[in-house]
Amino acid sequence: MVEQMDLSMVNWARAQFAMTAMYHWIFVPLTLGLSFLIAFFESIYVKTGNEEWKKVAKFWMILFGINFAIGVATGIILEFEFGTNWSNYSWMVGDIFGAPLAVEGIVAFFLEATFFAVMFFGWDRVSKKFHLFSTWMVAIGSNLSALWILVANGWMQFPTGMAFNPDTARFEMQDFWAVLFSPVAIGKFTHTTSSGFLYASLFVISISSWYLLKKRHVQMARKSILVASVFGLLSSGYVAFTGDEAAYNNARKQPMKLAAFEGLYEGQRSAGLVAAGIMNPNKKVNDGQSPFLFEVRIPGLLSLLANRSPGTFVPGIKDLVYGNEKEGVMGAEEKIVKGREAVKQLALYKQAKKAGDSVAAQTALDRFNQNQDYLGFGYLKSPEEAVPPVSTTFYAFHIMVILGGLFPVIFLLYLAFALKDTLVHQKWLLFLGLISVFLGFVAGQCGWVVAEVGRQPWAIQDLLPVSVARSNLTVGAVQTTFFMFLAIFTILLIAEIKIMLKQIQIGPEGR
Amino acid sequence: MFGNLDTTVLQQIWWIIDSLVGSLFLFLIFVQGGQTLLGQLGKTSMEKSLIINSLGRKWELTFTTLVLFGGALFAAFPKFYATSFGGAYWVWILILFTFVIQAVSYEFRKKPGNFLGEKVYEIFLFINGSVGILLIGAAVGTFFTGSNFTLNEYNLVFWTNPLRGLEAAFSLFNLSLGLFLVFNARILGAMYLINNIDFSGYEAMEKRTRRAVLVNLLCALPFLLYVLGSLLFMDGFGVDPKTGVVSMVSGKYLSNLLAMPLVLIFLLLGIVLVLWGVVTTALRGKNSGIWFGGLGTVLVGLTVFFIAGFNNTAFYPSKADLQSSLTIYNASSSHYTLTAMSYVALIIPLVLAYIVYVWRLMDSKKITESELMGTQADEMY
Numbered sequence: 000m001v002e003q004m005d006l007s008m009v010n011w012a013r014a015q016f017a018m019t020a021m022y023h024w025i026f027v028p029l030t031l032g033l034s035f036l037i038a039f040f041e042s043i044y045v046k047t048g049n050e051e052w053k054k055v056a057k058f059w060m061i062l063f064g065i066n067f068a069i070g071v072a073t074g075i076i077l078e079f080e081f082g083t084n085w086s087n088y089s090w091m092v093g094d095i096f097g098a099p100l101a102v103e104g105i106v107a108f109f110l111e112a113t114f115f116a117v118m119f120f121g122w123d124r125v126s127k128k129f130h131l132f133s134t135w136m137v138a139i140g141s142n143l144s145a146l147w148i149l150v151a152n153g154w155m156q157f158p159t160g161m162a163f164n165p166d167t168a169r170f171e172m173q174d175f176w177a178v179l180f181s182p183v184a185i186g187k188f189t190h191t192t193s194s195g196f197l198y199a200s201l202f203v204i205s206i207s208s209w210y211l212l213k214k215r216h217v218q219m220a221r222k223s224i225l226v227a228s229v230f231g232l233l234s235s236g237y238v239a240f241t242g243d244e245a246a247y248n249n250a251r252k253q254p255m256k257l258a259a260f261e262g263l264y265e266g267q268r269s270a271g272l273v274a275a276g277i278m279n280p281n282k283k284v285n286d287g288q289s290p291f292l293f294e295v296r297i298p299g300l301l302s303l304l305a306n307r308s309p310g311t312f313v314p315g316i317k318d319l320v321y322g323n324e325k326e327g328v329m330g331a332e333e334k335i336v337k338g339r340e341a342v343k344q345l346a347l348y349k350q351a352k353k354a355g356d357s358v359a360a361q362t363a364l365d366r367f368n369q370n371q372d373y374l375g376f377g378y379l380k381s382p383e384e385a386v387p388p389v390s391t392t393f394y395a396f397h398i399m400v401i402l403g404g405l406f407p408v409i410f411l412l413y414l415a416f417a418l419k420d421t422l423v424h425q426k427w428l429l430f431l432g433l434i435s436v437f438l439g440f441v442a443g444q445c446g447w448v449v450a451e452v453g454r455q456p457w458a459i460q461d462l463l464p465v466s467v468a469r470s471n472l473t474v475g476a477v478q479t480t481f482f483m484f485l486a487i488f489t490i491l492l493i494a495e496i497k498i499m500l501k502q503i504q505i506g507p508e509g510r
Numbered sequence: 000m001f002g003n004l005d006t007t008v009l010q011q012i013w014w015i016i017d018s019l020v021g022s023l024f025l026f027l028i029f030v031q032g033g034q035t036l037l038g039q040l041g042k043t044s045m046e047k048s049l050i051i052n053s054l055g056r057k058w059e060l061t062f063t064t065l066v067l068f069g070g071a072l073f074a075a076f077p078k079f080y081a082t083s084f085g086g087a088y089w090v091w092i093l094i095l096f097t098f099v100i101q102a103v104s105y106e107f108r109k110k111p112g113n114f115l116g117e118k119v120y121e122i123f124l125f126i127n128g129s130v131g132i133l134l135i136g137a138a139v140g141t142f143f144t145g146s147n148f149t150l151n152e153y154n155l156v157f158w159t160n161p162l163r164g165l166e167a168a169f170s171l172f173n174l175s176l177g178l179f180l181v182f183n184a185r186i187l188g189a190m191y192l193i194n195n196i197d198f199s200g201y202e203a204m205e206k207r208t209r210r211a212v213l214v215n216l217l218c219a220l221p222f223l224l225y226v227l228g229s230l231l232f233m234d235g236f237g238v239d240p241k242t243g244v245v246s247m248v249s250g251k252y253l254s255n256l257l258a259m260p261l262v263l264i265f266l267l268l269g270i271v272l273v274l275w276g277v278v279t280t281a282l283r284g285k286n287s288g289i290w291f292g293g294l295g296t297v298l299v300g301l302t303v304f305f306i307a308g309f310n311n312t313a314f315y316p317s318k319a320d321l322q323s324s325l326t327i328y329n330a331s332s333s334h335y336t337l338t339a340m341s342y343v344a345l346i347i348p349l350v351l352a353y354i355v356y357v358w359r360l361m362d363s364k365k366i367t368e369s370e371l372m373g374t375q376a377d378e379m380y
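Heads up: the protein sequence lines correspond to chains A and B, in order. Counted from 1, the first sequence has number 88 at position 89 by numbering that gives the first Met the number 0; the numbering is strictly sequential. Counted from 1, the second sequence has number 127 at position 128 by numbering that gives the first Met the number 0; the numbering is strictly sequential.
One thing to keep in mind: the hints can contain errors.
What the hints assert, rightly or not - Stretches of chain A that chain B covers, calculated by requiring three or more beta carbons in the stretch to come under 8 Å of a beta carbon on chain B:
{"no.": "1", "segment": "76-87"}
{"no.": "2", "segment": "94-105"}
{"no.": "3", "segment": "170-176"}
{"no.": "4", "segment": "194-208"}
{"no.": "5", "segment": "402-408"}
{"no.": "6", "segment": "465-475"}
Source of the hints: derived by calculation from the structure; they are not laboratory data. Beta carbons: idealized from backbone N, C-alpha and C, even for Gly.
In isolation and in its complexed conformation, chain B is listed as follows (with noise of 0.2 Å):
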């Protein structure tokens, strides 16, 4: 079936694959925009506990999504990955770093004989969700802005700041695309409470939550509209299809955009199932609006890596030398190992079944207080 398809379709089948898992986890970083609201939200140890076991329930989900999408860029887009990770060495760590004190600090938090203590757990989660999505937002960034390496005639990477991909959250628009995705893992945190717990009794945290959606939609949009703004505008890396050669094109995001209607469509209806999650929780004191949210982020972040990707673009190009940018034909896998991977990839389907199976069957209950009080009190977190 996937091996009689030609190279560069199951090359557009991947990267479609791999944006639809980056999205995803676009969406899935809401665990992380509740843990920069923990403190904000959660004033009283039982609020903050109702907001901890509300995420910790999902947390896993975002990591093995984060993981997953390494996997598939590793497999499917080799060339990307050793670039990338090998170049861009720090941003790389530092995003790594604050992803190993998250993990423990769900289960760590409110165990007897921590070491740490509760609050540094709390702060680890706090770096996490803002240090940590920013700097993907900045890494996310670099598709569009370019980053400084080159690559010799054996593919070995040379960075030319030694910044070593920190550089990149100096730029403008690296940086508010990270804040973007810092104030956005926010709304979609604070609606996923809204979805959640069962606020008897909360009535006053239930309000400072829906009014967290609203208030980082107000953040969220400067940010937004100079990142979209700045997309429309600015020059692009245009490869040209016969030859490889890659060169700055004028308006070539814009150009992509009006180039690939769906995607287009995809922005428009992403930014508005955004806004209606947030008017629906706000405004109208709805508890679906992550669901909205969601599917917008989806939407938004599978038009970021289409419009980097498609339309003879180099989606990880270099300032440093042009010809050195990566596209998704010159540094994907062979045909052989993308064949492989698709047919692995049809379990997917049944992957995201389960999951879907077992996220509602989990919260078709709401957590509440009485739950975190009970019988199995201690085996929470």
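This is chain A alone, in the form it adopts within the complex (with noise of 0.2 Å):
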């Protein structure tokens, strides 16, 4: 099945996709929480007829638009390079991650297109509570179709609810509840849509923060900074909380990628949590060598982190590669035996059944299913290959935790002082607000990092590697295609900027 797989091309199919998905990332994040703190400025100027409320919600609304249409563009690449260039994987998976991308552009992505038009257009075309209701069905729309997206990507990191068919070689929905409301895909959804309301809240404050310094539109600019800053200061409580929960569950479901983000190779009982820490670039998994040339940990943490208990085992890269009989982990080692031994017997099956030997292929199958949850590992060609990226998640991890921790200190000073009156006396912290953009926008970006780089090599957990996910393509197709959509990508990031600052520029006057 694999003997013709091109390495280098999947790396390319994989950096395309990645380079999509972090373009996608800058723009939709706004899109989710700008949708809702809109909504907040029309509801309020609903209720209190105050035309200043309006103007609020019209500036505000003008940025919405130049970002959500270059979110729209960059979302149509993702879903279709699941065809393109991960069509083994589409086919493999179909069954089970197609549904959630229908009912996303059922559910949510038609809320999002007719309501918008009422959104930007109705002012004068439909009744003042009728606008105000289409503006929140354009925030629900867009974070219901987060929702489906990300129930599709949890399940990508926690198959289940599905059972694998040997007869057409894929797997096939058995319980779409289940994979609705996997644990992980609502620690998904929850973390990552919150993630989108602290970044457009941040987004709020630097621009309003911005005027501030110039002494422009200072009203607005206090307004639309009192409500982003509750909004921005609830969400990072949230983000906190859903952060915590999503390491709980990949301590259960991928405790490799915990073992990669905190760089633990040898397991531990009452694990330390690297507060901070600089990589040892040499690092092998069995090498001996110290996996940090300089660290910070704070004792029993990761421990705590990962299984709410301080005193307790978290197993390192190494337990997860090696086996650890003694803690009773089983390692990739073990599994790629049982891996091959699937892959074998699924062959043999499949031999049987074409030769009408029904005998030999119930033996096959029977010795498929006794080791058909290892599938994914007998495509690997050593037990090392399950190991992510360990550098890349390890920073990606703690940049988003130190920003994720900086963050609520902003909300809340920002709110303090704008509940004194005093903000515009604060430079250093308008300056702060100013940057905090870029930080949410890094954030979120290295959030995204933990959590694909972190699971690598599998496109689905343990299931299938993305050597045998990708499309049968040259190398060459996937680099003519990657370099035309970082091209286009590129190009259309500048001229959004542009308008974006020339907007800002002009601010809200004479809207």
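Both chains come to you apart, so use the hints to assemble them.
This is the structure we're talking about:
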């Protein structure tokens, strides 16, 4: 099945997907959060009748619209890349993965698309209340679409509610609700959307801070900051809570990812959490070298984070690769043996079925079933291949966490000074707020790096490695489309930034 | 309810649903058709603004319908999704590319500091409306002319032509279907603009638009006739219902039409409705042509998808290896997924209802010059 696989093509396909997703994630979190902020602003306007709030809502709506368009443009590529670059994946799991994408289209995208036109062009065409309703529908539709795509992503991280069909050699859905309500899927949705709310709040605070520093549109900026700081503060608390939940889920479903983002090579009881550290770039899984050149650990905290109990064992990369009998950890080495047996028995089963030998087919099927949980490992060439890029995952995780700790402080300070009405005098805070949107961007991107790089080499955790998931394409074809999309996305990003800066410079005057 | 249905019935239901979504997309590409008319109908900046703002309130519906079409095919017929997208790589990549550049063009075109300039975004819109739709037509054409792929025992797709799907555009039938779609989209686009814009003070533009409806019909007709004539006489990819063996059957699509009289009625009624839409818009000075043309297009679209997929026919046939051809029965998801998706599909009437409601609400007043020059001028496209 994988004899002809070209790994360099796989890496280009991965790079292309990563690049598209990273561009997409510049715009989407803003859409998720800004849509709700606009709905809040407009709700206050409808409730109070104060035209100033309408002006606030309309100003942010302009920026929302510019951002929304390019989010749509990058999103369509992501959906269809599953087919173009990962066609074997699409066939093997389309039965399960396709369903949330279709539901996303039916339930969420049309809500967004239909009411978007009212939100932007309906001010004088529909009643005030119907306009507000439309704005809320856009916000709900945007976030509903996030639900379904994140359910799909959550399923890739923790495949559940399905069974492998040896006749068609693919996975088939058995329980829709198990897919929808899997703890990983729900965790993904809540953590990701709340991080989007946080990012959008930083965006509003950043631009408003610039206005306050320039002493322009002061009333609008103050109003915007007041709402955004409350929304951001609540969101950042929720991001922390769901982040903790995600780590707990990782410990159960993706222990290798947890070990990678903590740089934990040797499993430990009362494992400490690395507060800060520099990784040893020469470290190999089993070379006995220290993984860190420098580290500051908080004792017992990783065990607490992973298992909600400080004295418990957290497996390290070495345990997960070579096994740890004492702690009951099966390593990739042993799983590969079982996986290869599953692959072999699947081929024997298909041969026997073709030859009409039902006894041999049943024997092969029984043996396959005993090993099918390790099917994906059968395609790995060595146990070390089960290890994701550790340094990348480690740094991304720690940058995300450090920034995640900074954001609630920023929101709290903004809220406190806004309530005291002394914000305009806090120049240092306004400068911090101004750059905070870039920090939010970095934190969001790092989050996705942890989630996706940290689960390599799997397209579907433990069941389908990326090398088997890909399409049968030449390296040249994928390279060409990589650079094609890189060029167009970059051009469009430059255009978006220039337009947005111009609109910010113009401000809400005359609107 | 759906769980008790036979898998075959569910597969047919999902082919009908996908066909309906695909056919609605063929109607909604009036947006793309309108985009290609921008330079021809809009002679001044304000005339162009009227066109862009009229189309710009609908482009997302078309875009979303395309995304749903892809998602629904992925969920219901994953083997098709994997085979076609992973195999006919270049044709799909180019189609997607044209939709990427469309998505930003409405929003960015008039905005100050837009980096590329107004003209470039207009060219983007033209490329999307012409190349994008032509290639979609060519891709649909392969439902009848076949593609160059084989599937191995694990259903991995191997494409046997180095052009990876672009070769479809070099078939006269596929090319004709693509060109017909482009011209039909232009007919629909012009009819939509007539319906949606208040031409007071822009009578010359109105005249040009009504004329464009007729001219584009005349352009579309030869291609339509060629496609129809070919369909009636060409060999098709038949499937033996007992063995699943695929073979070439002479006059297959004609026999499909005759075996499904309702589909034949759809085809004839669809063509008549489109023609009536053109007549009523171009010659009788009415504004309602888009509804006739739109419904007619949906009916013709349903005909295309139904004769490709029903009556023991391979809807995604392989020229390279007949037995690799895909049917709605061998390419579908499992019974469970089709059942679950059928329950989700129950929401579609509600979705259609709110789309129609909002459409009527928003379009109850036509787009006017004064709207584009009023206090909200800087919020318009």
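Ascending list of hint numbers which this structure does not respect: 4 and 5
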